[in-house]
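Colleague: Spelled out, the chains give:
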Amino acid sequence: MIEIDSITKVYNGEKAVDSVSMTAETGTITVIVGTSGSGKTTLLRMINRLEEPSSGEVRINGDSTADVKPHILRRRIGYAIQGHGLFPHHTVARNIAAVPELLDWPKDKIRERVDELLDLFSMEPDQFRGRYPAELSGGQAQRVGVARALASRPDLLLMDEPFGALDPIIRTRAQEDLRRIQRRLGSTIMLVTHDMEEAIRLGDRVAVMDAGRLVQHASPAEIIANPATEFVADMVGNVERPLRLLSLIPLSEIVEDGAAEGEALPADASLRDALSACLWTGREAVPVVQDGSAVGCATLAAIRARAEAHR
Amino acid sequence: MTGWARAGAGLSAPGVLFALLGCGALLVPFMTLAANRIVAGEGVMVWSLDGRAGALAVIAGLALGLPLRPAWLRLIGAMLGLAGLLWLLVQGAPGLLDGAGEYARVSPAAGFWCLLVVLMLLMADALAQMSPGAAMRGVLLLAVGGALALILGSGALSDLSVMQEHAARRDAFMREAVRHLGLAFGSLAAAALIGFPLGVLCHRRPELRGTVLPVLSFLQTIPSLAMFGLMIPLLGWVGDAVPGAQAIGIAGIGFAPAFLALVLYSLLPVVGNTVAGLAATPPAALEAARGMGMTAGQRLIRVELPLGLPVILTGLRIVLVQNIGLAVIAGLIGGGGFGTFVFQGLNQTATDLILLGALPTVALALSAAIAMDILVDLTRRTPRDSR
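Going down the list, the sequences are from chains A and B. Using my numbering, read the first sequence as starting at 14 and increasing by one per residue. Using my numbering, read the second sequence as starting at 65 and increasing by one per residue.
It should be emphasised that the hints constitute simulated quantities derived from the structure, not laboratory data. Treat the hints with caution; some may be incorrect.
Pairs of lysine to aspartate or glutamate, DMTMM-like flavour, derived with a Cα cap of 25 Å [said to hold, decoys possible]:
| id | chain 1 | residue 1 | chain 2 | residue 2 |
| --- | --- | --- | --- | --- |
| 1 | A | Lys-82 | B | Glu-351 |
| 2 | A | Lys-82 | A | Asp-117 |
| 3 | A | Lys-28 | B | Glu-351 |
| 4 | A | Lys-28 | A | Asp-247 |
| 5 | A | Lys-122 | A | Glu-137 |
| 6 | A | Lys-28 | A | Glu-64 |
Please put together the full structure from these sequences, using the hints given.
Modeller: So this is what it looks like as C-alpha cells:
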C-alpha cells in the first residue's frame, strides 16, 4: 500500500504540489492525470525522491521513504519515463539487468530474469537479448524500458508519460500489454499522463490534479459520471462522457437470452464496441460469444438503459 | 559524346588530379647533388638518374590510380609508385656520388617530395574507398612502419645526405628520439592526469566550468615561442628559490620548462573534450539512471564515461599530435627532442640536418594520429548512432 500524506512542494514561493493526500492499494493502477503544470510529474517524482518534498510524507507498505538514502529507495521502486531512457551503449539484456546488477544479484539469476521479462513482453529472448537500443523500434524500446523498470520486482512502479512518444496504434497496444502484465504480476503502478482517455482505460483509480491540488480521486466510472469540478468535467470531455462510460462496461453485464443476426462480439468487449457495431451495420442487437459458444445477445435498448443509469 | 561520358564516369576525379600532378612533378629535378653539406646543390632530372625503371613504375602506379575501381588496384598502384620512388633513390644516389668528390652529398629534391605526397594521397584515397575496419588499419599501420624500418635499417639509403647526417649522430639521434617521445607522451599523461578530474569537476559544477575553460582557452592563445620564453624566467626563479628544485631538474632551460609548457597547452583539449563528452549523454538515459538508484559515481562510470569516451579520446588525440609537433620547439630552450637537430641545422644552414629532425617528427605525428583514430573507433561500440 502506498500512502501519500499531505505532501507539498514549494518552488520559489509557489506551491507546485499543494498538500496532496491519497492512498493506492497494492496491486492496482493509479493514474494521475492533469494538464501540464498541474504538478502531476512533481508529485510522482517526490515518491522516489527525485524531488524532495517540502513537507509531508510518503509511506510504502508502512515505511516512510524519508528513512532510507534516496538511491537505495529508488532501487526498490521501478521508474519508466517518456522516451524510454535506455542506455544506448548497453544491449537490451544489460539494460534490463541494470537494477539487479546494482542490487548484486547473482549472474545466472539475472540472466533468467532477463529472459523471463523478454518473454513476458512478447520479445523472443534469443533475438532481442543482444540488440542495442538503436536497433529497436519505438514500441520495442518502450517495452524494454518498462521491462527494465520491473526487473527487480519492485514494490511499486512509477511511470511518467511512458507512452507519450508512441504513435496512437502502438500506444493502444502498449496500454493493453501493460494492463495484461500488471494483472499477471499483481504490480502496484502509479502512472502520470495528460490523456484522460489513457487514464480511464488503464486506471483502477484516477487522480485528477489541477494547479497543484488533487481535485478528485475516484474510480474511472465515478469520475465520468460525477466529475467533482468543472475542470474534471472538461478533462473528461462533456460530449464524450456517455461513450467513455460505455467503454468501461463489458458486454457480459447486459447480455440477455435471445439470438441476433450478423457478426458476434466477445463477452469482454465493451458496450461502446457493441454500440458502434449496431450503428455501423444497422442492427438492433449483436450476438455475444464467450469461449467460442453463443451466450445470448446485447440489444441497443439495454445499452441505452446503462448509459442513462447514472441519472 | 556518350562514349566520353561513359569513359569519364569510370575515372576517379582525384586519380586524374594525382596523375596530372605526378606527371608534372616528374619534370622537376628529382634529386640534388651538392659539393658539400652546406652549399646549395644542383638539380638532377629523373631521366639522368640510374634506375630509370623506377620512373616507369611511378608512371604505371599513377595510371593504376586512374580508374574509379577496384580500390585495391588503386592501392597497388600507390604502392608500386612508392616502390618506384625508392628504387630511384637507391639506384640514383651511388651513381651521382661516383666521382663527385669526398664531401659530395645527394638529397631528394622537389620532384621526389612532390611525387611522395601525390602517391601517399593516392594511397589515402584508395584506403578511404576501401574503408577498412579498425583491425585492418592497425595491421596496415604496422606493415608500413615495419617496411620503413626495414628499408632504413638495410642501409640501402645510406648514400643519401640525411642518412649521412644520421650516421654521424647515431647515438644523439636515439637519445633525442627518446627525449622527444618522453616530452610528447609524458606531457600527454600529465595533462590527462590533471585534465580528466578537472573535466569531471567542470561537468558537475557549471560555475567552475565558467572560470576554468576561459583560463585554459587563454593559455592556448599564447604563441608557443612566447610560452617557452615565459617558462625560462618563471622556472628559473622556482629553481633558485625552492630548495631541492634544481636537484630534480627544475631550471629555466631544459626539459622542465618544455614539459610544463606542453602540459599547459594540453589542458584545454583534455578538459574541454571531457566536459563535452560527459555532456553528450542523452538526458533521458541520465534521468533513468538517477531514477533507478545509481549514485553520482555509478552514473559517471557506467553511463556518462562510456558514452563520452570517443569524444574524450579525440581530445587526447588532438593533444598527442599537437605535442609531437610542438615538442620540436623545445629544442630551442634546451629541452631536447628532434627539435635539437632542426635548430642545429638552421644554425648551420644544413638542410639535411633539419630534415633529420623534421622527418621523424612528421612520421611520428602521422602514425600517432592513425593509431588514436583506431582507438577512438574501437570505443564506439554501439552499432548505430543513438538518438
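Colleague: Does each hint fit the structure? Answer for all of them.
Modeller: Taking the hints in turn, this is what the structure says about them:
1. Simply put, Lys-82 of chain A and Glu-351 of chain B have alpha-carbon atoms about 18 Å apart, close enough for the 25 Å limit, and the pair holds.
2. Distance check on the hinted pair: Lys-82 of chain A and Asp-117 of chain A sit about 17 Å apart at the alpha-carbon level, within 25 Å; holds.
3. Proposed proximity of Lys-28 of chain A and Glu-351 of chain B is supported: the alpha carbons are some 23 Å apart, at most 25 Å.
4. This hinted pair checks out: Lys-28 of chain A and Asp-247 of chain A have alpha carbons roughly 23 Å apart, not beyond 25 Å.
5. Between the alpha carbons of Lys-122 of chain A and Glu-137 of chain A the distance comes to roughly 18 Å, so the proposed pair stays at or under 25 Å and holds.
6. For the proposed pair Lys-28 of chain A and Glu-64 of chain A, the alpha carbon gap of about 14 Å is at most 25 Å, so the pair holds.
Of the numbered hints given earlier, the model fails none.
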